[in-house]
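Now for the letters of each chain:
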Amino acid sequence: AQTVTQSQPEMSVQEAETVTLSCTYDTSENNYYLFWYKQPPSRQMILVIRQEAYKQQNATENRFSVNFQKAAKSFSLKISDSQLGDTAMYFCAFMKLHTGANSKLTFGKGITLSVRP
Amino acid sequence: EAGVTQFPSHSVIEKGQTVTLRCDPISGHDNLYWYRRVMGKEIKFLLHFVKESKQDESGMPNNRFLAERTGGTYSTLKVQPAELEDSGVYFCASSLQGFEAFFGQGTRLTVV
Numbered sequence: 001a002q003t004v005t006q007s008q009p010e011m012s013v014q015e016a017e018t019v020t021l022s023c024t025y026d027t028s029e030n031n032y033y034l035f036w037y038k039q040p041p042s043r044q045m046i047l048v049i050r051q052e053a054y055k056q057q058n059a060t061e062n063r064f065s066v067n068f069q070k071a072a073k074s075f076s077l078k079i080s081d082s083q084l085g086d087t088a089m090y091f092c093a094f095m096k097l098h099t100g101a102n103s104k105l106t107f108g109k110g111i112t113l114s115v116r117p
Numbered sequence: 001e002a003g004v005t006q007f008p009s010h011s012v013i014e015k016g017q018t019v020t021l022r023c024d025p026i027s028g029h030d031n032l033y034w035y036r037r038v039m040g041k042e043i044k045f046l047l048h049f050v051k052e053s054k055q056d057e058s059g060m061p062n063n064r065f066l067a068e069r070t071g072g073t074y075s076t077l078k079v080q081p082a083e084l085e086d087s088g089v090y091f092c093a094s095s096l097q098g099f100e101a102f103f104g105q106g107t108r109l110t111v112v
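Line order of the protein sequences matches chains A and B. Using our numbering, you'd call the opening residue of the first sequence number 1 and step up by one each time. Using our numbering, you'd call the opening residue of the second sequence number 1 and step up by one each time.
Calculated directly from the structure, the hints in this document are not laboratory data. Please note that the accuracy of each hint is not assured.
Straight-line Cα separation of at most 30 angstroms, DSS-like style, residue types lysine-lysine; simulated pairs [claimed, not checked]:
hint, chain 1, residue 1, chain 2, residue 2
1, A, 109, B, 54
2, B, 78, A, 109
3, B, 15, A, 73
4, A, 96, B, 15
5, B, 78, A, 55
6, B, 41, A, 73
7, A, 55, A, 78
8, A, 73, A, 55
9, B, 78, B, 44
10, A, 70, A, 109
11, A, 96, B, 78
12, B, 44, A, 70
13, A, 78, A, 109
14, A, 73, A, 96
15, A, 70, B, 41
16, A, 55, A, 96
17, A, 78, B, 44
18, A, 109, B, 44
19, B, 78, A, 73
20, B, 41, B, 54
21, B, 41, A, 78
22, A, 109, B, 41
23, B, 41, B, 78
A short list of chain B residues far from chain A (calculated; beta carbon distances all over 10 angstroms) [what the hints assert, rightly or not]:
hint, residue
24, 24
25, 48
26, 111
Note that the structure is predicted; figures quoted are calculated from it, not measured. The C-beta atom is built at its ideal place from N, Cα and C for all residues, glycine as well.
Excised from the complex, chain B in its bound form (with noise of 0.2 angstroms):
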């Protein structure tokens, strides 16, 4: 079974551009997950769907932050302008039931 899988694993981009992340969860699994790591810190909270629903968007930190899940599936994180301080690594998670989340590799997102 494919695990959680996040596109691209990395990205370099230029302050003011636009920038998707792309998140495919394992199939079949409603729960899913944003969440960033800022170098040096905690691994912060983002926003959680609930099949297409956004369930908590409580950790989006500004408007330039647009998620996304189409029909349930898979979920893109749009930047858009990015900033310095939008650089780090950002995990999607993914659960059905329980309490294990999986966690794709990351994107690793450098803002110049």
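The following block holds chain A by itself, in its conformation from the complex (with noise of 0.2 angstroms):
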């Protein structure tokens, strides 16, 4: 079984300023995806940013990045110029990847960023 640790319940930035939140992993798989999820106070969760296990090149999206070190099972997310619209709870998760079906998601207890103005 597959399990996702965020050892952090929460964190605070201030606006425009760059966070680090960590996520470690355990899996005897070779072969899955990770994910961050924000989830913001309105309650709707929205993926941020995916990394398919079998690529060594880290995902962007625009201020989201990730390190993601497969040999640690690590998978932060760093969050550059932080805007006021980040603060909301993140949710790290791995997901198996199988051949045709979709599979489920394992997540982690997730952290809340609060970014200050």
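Build the complex: two chains, separate frames, hints provided.
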């Protein structure tokens, strides 16, 4: 079974600064996906960024980037130039790569990020 | 395009009562998932539909939970009878192909 660990329950960052959210996972699988989801106070979760385990290059989406260390089973999210709208709960998630049917997500406990004006 | 919609947004019921949660996925999405988050814990997988068939129901806690997906469209999750430990936020998600799941806003269930 897979586990995802987010050890920091909450963090705070000043607007325009950079913050890194940590995530570690445990799996015996070799092919999988990792995700960061964001849940703003309005509660709908949205996908922030996705990383395929077979890709060595770290994924980047505008101000969001990841540091994926496969051997260390670490998957941190860096948010650059933090904005007030980044205030949300962030969940790290794992998905096994199945041929054919989609698979379920395994989530961490989440981290509450507050961006200070 | 409409996103994943869940009804109701909040529900408060007494222990022993029945509650039915509904999820309308994005039109055309064959995959539909139910997840639950109990306060302070991880979001846990409950089950996965592919069209109207249950692909994986390994996360269903017990037989008080019954999920259905009518004609491969909307899905309902019934809890009967509800217990205190069933309180939490129930999320529905849908996906087409690929690996992006789109989530609804969740239903906050409180059992008193």
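For each hint, the structure was consulted:
1. With a CA separation close to 26 angstroms, the supplied pair residue 109/A and residue 54/B stays within the 30 angstroms bound.
2. Among the hinted pairs, residue 78/B with residue 109/A is consistent with the structure: their alpha-carbon atoms are about 25 angstroms apart, no more than 30 angstroms.
3. Under the criterion of a C-alpha separation no larger than 30 angstroms, the hint pairing residue 15/B with residue 73/A is inconsistent with the structure, at around 42 angstroms.
4. Of the pairs offered as hints, the one joining residue 96/A and residue 15/B is violated, with about 37 angstroms between alpha carbons and a cut-off of 30 angstroms exceeded.
5. A distance of roughly 41 angstroms separates the Cα atoms of residue 78/B and residue 55/A; the hinted pair therefore is violated under the 30 angstroms criterion.
6. Proximity of residue 41/B to residue 73/A is assessed by CA-CA distance (about 21 angstroms); at most 30 angstroms being required, the pair is judged to hold.
7. Note on residue 55/A and residue 78/A: the hinted pairing holds, with a Cα-Cα distance of about 18 angstroms set against a maximum of 30 angstroms.
8. Taking the CA atoms of residue 73/A and residue 55/A, the gap is about 14 angstroms. The hint holds against a cut of 30 angstroms.
9. The suggested pairing of residue 78/B with residue 44/B holds, with an alpha-carbon distance near 17 angstroms, which does not exceed 30 angstroms.
10. With a C-alpha separation of about 21 angstroms, the suggested pair residue 70/A and residue 109/A falls inside the 30 angstroms cut-off, and the hint holds.
11. A hinted pair counts as satisfied when its Cα atoms are at most 30 angstroms apart, and residue 96/A with residue 78/B qualifies at roughly 28 angstroms.
12. For the suggested pair residue 44/B and residue 70/A, the alpha carbons sit about 24 angstroms apart, so the restraint of at most 30 angstroms is met.
13. With a CA separation close to 18 angstroms, the supplied pair residue 78/A and residue 109/A stays within the 30 angstroms bound.
14. For the suggested pair residue 73/A and residue 96/A, the alpha carbons sit about 14 angstroms apart, so the restraint of at most 30 angstroms is met.
15. A C-alpha spacing of about 25 angstroms is found between residue 70/A and residue 41/B, which places the hinted pair at or below 30 angstroms, so the restraint holds.
16. The suggested pairing of residue 55/A with residue 96/A holds, with an alpha-carbon distance near 15 angstroms, which does not exceed 30 angstroms.
17. Taking the CA atoms of residue 78/A and residue 44/B, the gap is about 25 angstroms. The hint holds against a cut of 30 angstroms.
18. Straight-line distance between C-alpha atoms of residue 109/A and residue 44/B comes to about 10 angstroms, which keeps the hinted pair within the 30 angstroms bound.
19. At most 30 angstroms may separate the alpha-carbon atoms for a hinted pair to count; residue 78/B and residue 73/A exceed this at roughly 37 angstroms.
20. At most 30 angstroms may separate the alpha-carbon atoms for a hinted pair to count; residue 41/B and residue 54/B meet this at roughly 25 angstroms.
21. With a C-alpha separation of about 24 angstroms, the suggested pairing of residue 41/B with residue 78/A holds against the 30 angstroms cut-off.
22. The straight-line distance between the Cα atoms of residue 109/A and residue 41/B is roughly 6 angstroms, inside the 30 angstroms bound, and the hint therefore holds.
23. About 22 angstroms separates the Cα atoms of residue 41/B and residue 78/B, which keeps this hinted pair within 30 angstroms; it holds.
24. For residue 24/B, the requirement that its beta carbon stay farther than 10 angstroms from each beta carbon of chain A is met, with the minimum near 14 angstroms.
25. Here residue 48/B does not stay apart from chain A, with its beta-carbon only about 6 angstroms from theirs, under the 10 angstroms limit.
26. The claim that residue 111/B lies off the interface holds: its Cβ sits roughly 19 angstroms from the closest Cβ of chain A, which is beyond the 10 angstroms cut-off.
Against the hints set out earlier in the document, violations occur for numbers 3, 4, 5, 19, 25.
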